[in-house]
Amino acid sequence: MINNDIKQIINNLFKTAPDIFYSRPVLFTYLYGSYATGNVHPFSDLDIGIYIDDVSDIKYLELELTLSLEIDSKIGSDVKTEVRIINNLPLVITGNIITEGRLIYSINENVRVDFETSVRKAYFDFLPVIIKYQNTYIDSIVY
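For what it's worth, my numbering labels the leading residue of the sequence shown as 1, then goes sequentially.
Hint data in this document are derived by calculation from the structure and do not stem from the laboratory. Everything numeric in this text was worked out from a predicted model, so none of it was measured. Some clues are possibly wrong.
[As the list claims (entries may be wrong)] 27 Å max Cα-Cα, derived BS3-like pairs, lysine-lysine:
#1 80 - 15
#2 74 - 15
#3 132 - 121
Given the sequences, and given the hints that come with them, work out the whole structure.
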């Protein structure tokens with residue numbers, strides 16, 4: 001995929017995001033993964049993390065799949081979208097989304113800033129342990 005195609009996909013995502021998320025219980029969303037970091041390869045999908053208002057009453061999978069399909073149809077690309085609710089993901093994943101992702105949409109800046117602040121604090125406090133664990137795991141595979 002050439003660079004202009006990637007830019008067009010991301011631009012289409014940013015343009016259509018308000019229409020897609022406004023009528024849903026979505027407070028803010030991030031683009032993360034290879035499209036956010038610029039490391040797109042032929043098997044890349046469009047990774048979208050959403051933070052929802054009330055997790056108690058939501059059918060996670062149904063919302064994730066519905067939004068994935070809607071984004072696919074609105075951005076006009078062959079790239080497939082994978083939407084994940086980030087409210088309760090493990091710290092390693094959420095920290096990565098917050099630190100390397102790109103904010104796409106937000107209708108509640110107070111909640112977003114509180115969430116980002118708490119995730120960043122915990123993530124960077126715990127990062128040395130994460131790195132040590134990952135290195136130990138890699139060493140166990142290699143040796």
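To see whether the hints hold, each was checked on the structure:
{"no.": "1", "hint": "80 - 15", "in the structure": "holds (17 Å)"}
{"no.": "2", "hint": "74 - 15", "in the structure": "holds (10 Å)"}
{"no.": "3", "hint": "132 - 121", "in the structure": "holds (18 Å)"}
Against the hints set out earlier in the document, no violation occurs for any number.
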